[in-house]
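> So you can see what is in the structure, the chains are spelled out below.
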Amino acid sequence: MTSPAPFIFEFLIPLGKIIAVILYPMVMVIIMIWLERRVVALIQGRLGPNRVGFQGLLQPIADAVKVFFKEDIIQRNADKLLFNIAPVLVMFSSLLAFCFVPLGEPIRIGSYELTLWIAQSSVGLLFVLGMSAISVFGVIFGGWASNSKYPLMGALRSVIQVLIYEIPIGLTVLTVVVLARSIDLVEIVRAQQAGKVWYGFLMPVSAVVFWISGIAETNRAPFDLPEAESELVAGYHTEYSGLKFAFFYISEYAHMVLVSSLVVLLFFGGWLPPFANVAALSFLHKVPGFVWYLIKIMFFLFLYVWIRGTLPRYRFDELIKLAWKWLIPLSLVNFLVVVLLKLLL
Amino acid sequence: MSFKDLELNMGPQHPSTHGVLRLKVTIDNEVIVRIEPVVGYLHRGMEKLWESLTYPQILPLTDRLDYIAAVSNNLAYVLAVEKLAGIEVPKRAQYIRVILSELMRISSHLAWVGFQANDIGAITVLLYGFEYREDFLDIFETYAGGRLTINGLRIGGVPFDLDGGLIGRIRKTLARLPKRLHEVEMLLNENRIWKHRTQGVGCLSAEEAIEHGLTGPCLRACGVPWDIRKDIPYSSYEDFEFDVPLSDQGDVYGRYLVRMQEIRQSVRIIEQALDRLPAGDHIAKVPKILRIPAGEVFHSIEAPKGELGFYIRSNGTDKPERVKMKSPSFINLQSLPSMCRGGIFSDVVSILGSLDIVLGEIDK
Amino acid sequence: MPDGLNEFPDLNAVHDALAARFGSAILESTFVQKELSVRIKTESILPVVTFLQSEQGFNALSDMIGLDHPGTPAEGRTRFSVLYQLYKYPAHLRLRLVVDVPESGEVDSVVSVHKSADWAEREIFDMFGIRFAGHPDLRRIYLEPEFEGHPLRKDFPLQGKP
Amino acid sequence: MSKPPAEHHPFLLTRLDRFITWAQKNSLWPLGSGLACCAIEMIATAAARFDIARFGMELFRASPRQADLFIVAGTVTTKMAPSIRLLYEQMPDPKWVLAMGNCAVCGGPFPTYSVVQGVDKIIPVDVYVAGCPPTPEGLLHGLITLQEKIAKSHPTKVMFKPNARRTE
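These protein sequence lines are chains A, X, U and C, in that order.
Each residue of the first sequence is one higher than the one before, starting from 1 at the first, in our numbering.
Each residue of the second sequence is one higher than the one before, starting from 1 at the first, in our numbering.
Each residue of the third sequence is one higher than the one before, starting from 1 at the first, in our numbering.
Each residue of the fourth sequence is one higher than the one before, starting from 1 at the first, in our numbering.
Hint data in this document are derived by calculation from the structure and do not stem from the laboratory.
Heads up, a few of these hints could be off.
[Unchecked claim] Label pairs and their in silico Cβ distance ranges: (1) A:Leu47 - X:Asn315: 52 to 62 Å; (2) A:Tyr24 - X:Pro337: 51 to 61 Å; (3) X:His182 - A:Pro329: 35 to 45 Å; (4) X:His182 - A:Leu243: 41 to 51 Å; (5) X:His182 - U:Glu106: 54 to 64 Å; (6) U:Ala91 - X:Glu183: 40 to 50 Å; (7) X:Lys4 - A:Leu47: 42 to 52 Å.
[What the hints assert, rightly or not] Partial list, computed: chain X residues near chain C (C-beta under 7 Å): (8) Gln13; (9) Val20; (10) Val38; (11) Arg44; (12) Arg64; (13) Tyr67; (14) Glu134; (15) Ile139.
[Unchecked claim] Using 27 Å as the maximum straight-line C-alpha spacing, the simulated DSSO-like pairs for lysine-lysine come out as follows: (16) X:Lys195 - A:Lys325; (17) A:Lys149 - A:Lys321; (18) X:Lys230 - X:Lys83; (19) U:Lys34 - X:Lys91; (20) X:Lys319 - U:Lys34; (21) X:Lys230 - U:Lys115; (22) X:Lys83 - U:Lys88; (23) A:Lys149 - X:Lys24; (24) A:Lys149 - X:Lys4; (25) X:Lys83 - U:Lys34; (26) X:Lys24 - U:Lys115.
Since the model is a prediction, treat every value here as computed from it, not as a measurement.
Glycine is no exception: its CB is placed at the ideal position from the N, C-alpha and C atoms.
One chain only, chain A, in its complex shape (with noise of 0.2 Å):
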């Protein structure tokens, strides 16, 4: 081949994807630091920040500026090669799944077919929760590494967490599986397609079981107690400052995009515009798929902050509670319910 539009398709786009790949989770991180603040704010009849930028947009930058240049503070006790990789490990593996995550069906540029994912694979689901459990590492090890007695105690709480509430995602992501066919993402939103009914709406079980899993995994209120600050301080990050403690906290925010996109994708249609069924509203088709992607996805971010502003914390022992009397057997019935219908019908 003599032209050079293999070259730029085959190493310029991939380049693009990947830079797009790390720019949209931050993108995102910042539009959800902003509206958590300014949507908390405005919850609890305040106005929040408004004088950075037009209507506060700049301050999460100027945070991130500011936290750039602070001193980065090692405590001697520290176990310095563990305490510097517990950032990276929690920053890394919450950018990386979002390589499997897909932000709409494929776009034609003339005979070029521009995919709007990284990558995909037939088990992209398994590596999304894959990715998305090994932060855990990073939590254990900074909490462990900092020495010191809160950071480890908000460790464990959060092993312990995410642990069990692992259960139930599983066993809810198994019914979508189960009806899809498929653990490709894609194909997942496909088939959603295809049978013309979201998966939120056939099994709402399914989707608030795994909605209220994924707050626990990503330790938000009311489920935050590895972050408790009214007992641990700052949980297992009291004692990072700087940067690393900016990776945690992006990080966190990361998370909880990736949370909403997978429940946008499992449950509700993904890319797919909404009333897909009703003729008449058939001009919503005309909104590109990446657009109703982002504002059911900014629907589940507004959720949490919403969540925040409203509810108490847990305290540990409900917590456990709450996963094994109620979520843990809700999904397993829910399981066996979906499957036997699907063997039946």
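Given chain A's structure and the hints, the job is docking chains X, U and C onto it.
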């Protein structure tokens, strides 16, 4: 590092110790084995300082004891001094004192519910509580010029009279209050997480509570109707009709319910006082240099936190020989270890919050 | 019997019972400002408090107060006094007990009777240096352990020792 | 190294300075540390009516490692002084201290044996806010004054000369 008998040091700088309290907590995994409060990080030597000041000079310093309800401290102090010096306070002044101290009680309880909710993780309630409290601080600002430590009373009466404008403002603020309390209660009362965190946590039976010397809402949450305003009325409290809210749970939830009801009773008292505000002077004639003949007196009142008393011993000069403050938080905090027995680490935060301690009056 | 006490039969009954049981231990009783104050011998504080708690129903110790009166030893009293402010619930009676303590003397701790005496006694120890025999954990409560002197003693300067 | 300040600072570095100080002054995360009465007014400043969130300062950090601004809100006693000093030293550079209230400024109404007569006896203070306690407006004024002070600082100098801030 072993997780059996892990010693945790909460404070003196910790987000939920309400100031500079230090708790030495020994935990076995998440269960509390031992807990020991360490106080004194805010010990300012008030009692020593008071011995070198004249009686009126002491008054503004009492504001800094329980700084969330400053007028209550003033009231206990001036009542003790007046009792010792035999000063007769005009009826109007007594009513204004009641109004001010009940307003303080409301603002203190509003701040409390905010802190308590924040400790349990409901940050929004903290901001609601503080927003509603601002209205009351506005009243104090209009009345005395300060927001928090307003030095709102004087020996012999009150420094300023209540005028019509301020009375209207108080009424307006009180009229707004029920809706706002309802808003807070909607967020908390039937909230499952809130109930899990507060019900059955930090229980104390009535006998235990009396044995520990507990006073105030914490005692009334155990079902003991001990309210000095009713039992040994002072400053014309006998003129007003009000109930003493009780709860028989003795847990954190009970303390929350009692305090929310107390706000409503305070509203009742203030409305009655405003309706029947007698005419007359607002301050008695008190000599510029107050010399009190030798003697001793103990007088206590029902402060938002409990029984707040002053023991004053005079020696015939214009300065007291000894002023001792009986602080409710000091006694209430002592019961923390018994309340936390067998609890979970997270409970410490919620129990400590429910005691409504103020380090200023514990450490003096 | 102090003047005016017979107008308050409840309190009078308590005083009579106390006088009947511990007649020799009572040094002085005063009734001023409707407050009954009974000065008793130092060594009999624990039995008196126990008696009042178990048989007279004074179930709460509101406060303990330390006093330093360096001028008075000449009048036959010692340098320090410790005051016990007792409260009877639900009868709403108050009673003040006073014991005198010499400069290096000790008082019996009443923690075994009233739990709220624990910190109160530590506070008096911290501020005055009065020791309480039998207190489970007599340490400074407000000041750091290294602090020298006892601030509420009259000979302690306000701004601390230089 | 006797460089005159500001004027002879290289152009690029002053641009960078402006950028960094812009970020720093707009994202002052205070340490959530309250000592006495002033702490209540500090919380009131964070609450709805005054809302320091507008300036990006509402993230009260519980851990000193993540804080930029130490608001010493209240009386510092001799027993508390070592902890205050420790907290200050646990904060990463660049850090600022605001002494809130008369007690933190100079000991306030307590000239007694147990009160440190001003927090500047133990840690360096950038801005003093008087009052007993200062009103939230007063604290906000102090914070804005601090923002102005930060805007005039030269963080790049500190970067190239790590001990500059300490010896200044």
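> Evaluate each hint against the coordinates.
Hints, verified against the model:
1. Range check, leucine 47 (chain A) to asparagine 315 (chain X): about 56 Å between beta-carbon atoms, so the 52 to 62 Å window is met.
2. Checked against the hint of 51 to 61 Å, the C-beta distance between tyrosine 24 (chain A) and proline 337 (chain X) comes to roughly 53 Å, which is consistent with it.
3. For histidine 182 (chain X) and proline 329 (chain A), the Cβ-Cβ distance of about 36 Å falls inside the hinted range of 35 to 45 Å, so the restraint holds.
4. Checked against the hint of 41 to 51 Å, the C-beta distance between histidine 182 (chain X) and leucine 243 (chain A) comes to roughly 46 Å, which is consistent with it.
5. Checking the proposed 54 to 64 Å range against histidine 182 (chain X) and glutamate 106 (chain U) shows it holds: the Cβ atoms sit about 57 Å from each other.
6. A hinted range of 40 to 50 Å for the beta carbons of alanine 91 (chain U) and glutamate 183 (chain X) is consistent with their spacing of about 41 Å.
7. Checked against the given bound of 42 to 52 Å, the beta carbons of lysine 4 (chain X) and leucine 47 (chain A), roughly 48 Å apart, stay inside it.
8. Contact between glutamine 13 (chain X) and chain C, as hinted, is supported at the beta carbon level, the nearest pair being about 5 Å apart and thus within 7 Å.
9. At a threshold of 7 Å, the smallest CB-CB gap from valine 20 (chain X) to chain C is about 6 Å, leaving the interface hint in force.
10. Interface hint status for valine 38 (chain X): violated, as the beta-carbon distance to the closest one in chain C is roughly 9 Å, over 7 Å.
11. Hint status for arginine 44 (chain X): holds, given a least beta-carbon distance of 5 Å to chain C, under 7 Å.
12. Look at arginine 64 (chain X): its Cβ gets to within about 6 Å of chain C, closer than 7 Å, so that hint holds up.
13. Restraint check, tyrosine 67 (chain X) versus chain C: the minimum CB separation of about 4 Å is within 7 Å; hint holds.
14. Taken as an interface hint, glutamate 134 (chain X) checks out: its beta carbon lies about 5 Å from the nearest beta carbon of chain C, inside 7 Å.
15. Interface restraint check: isoleucine 139 (chain X) against chain C, minimum CB-CB distance 14 Å, threshold 7 Å, status violated.
16. Pair hint lysine 195 (chain X) plus lysine 325 (chain A) holds up; C-alpha atoms about 18 Å apart against a cutoff of 27 Å.
17. In summary, the hint linking lysine 149 (chain A) to lysine 321 (chain A) is supported, as the alpha carbons are separated by about 25 Å, within the 27 Å threshold.
18. The straight-line distance between the Cα atoms of lysine 230 (chain X) and lysine 83 (chain X) is roughly 19 Å, inside the 27 Å bound, and the hint therefore holds.
19. As the CA atoms of lysine 34 (chain U) and lysine 91 (chain X) are separated by approximately 21 Å, the hinted pair is consistent with the 27 Å bound.
20. Between lysine 319 (chain X) and lysine 34 (chain U) the CA atoms are separated by roughly 23 Å; this keeps the pair inside 27 Å, and the hint holds.
21. Between lysine 230 (chain X) and lysine 115 (chain U), the direct Cα distance comes to roughly 26 Å. Compliance with the 27 Å bound is thereby established for this hinted pair.
22. Between lysine 83 (chain X) and lysine 88 (chain U) the CA atoms are separated by roughly 21 Å; this keeps the pair inside 27 Å, and the hint holds.
23. For the hint pairing lysine 149 (chain A) with lysine 24 (chain X), the CA-to-CA distance comes to about 13 Å; that is within 27 Å, so the pair holds.
24. At most 27 Å may separate the alpha-carbon atoms for a hinted pair to count; lysine 149 (chain A) and lysine 4 (chain X) meet this at roughly 13 Å.
25. With a C-alpha separation of about 10 Å, the suggested pair lysine 83 (chain X) and lysine 34 (chain U) falls inside the 27 Å cut-off, and the hint holds.
26. Note on lysine 24 (chain X) and lysine 115 (chain U): the hinted pairing holds, with a Cα-Cα distance of about 20 Å set against a maximum of 27 Å.
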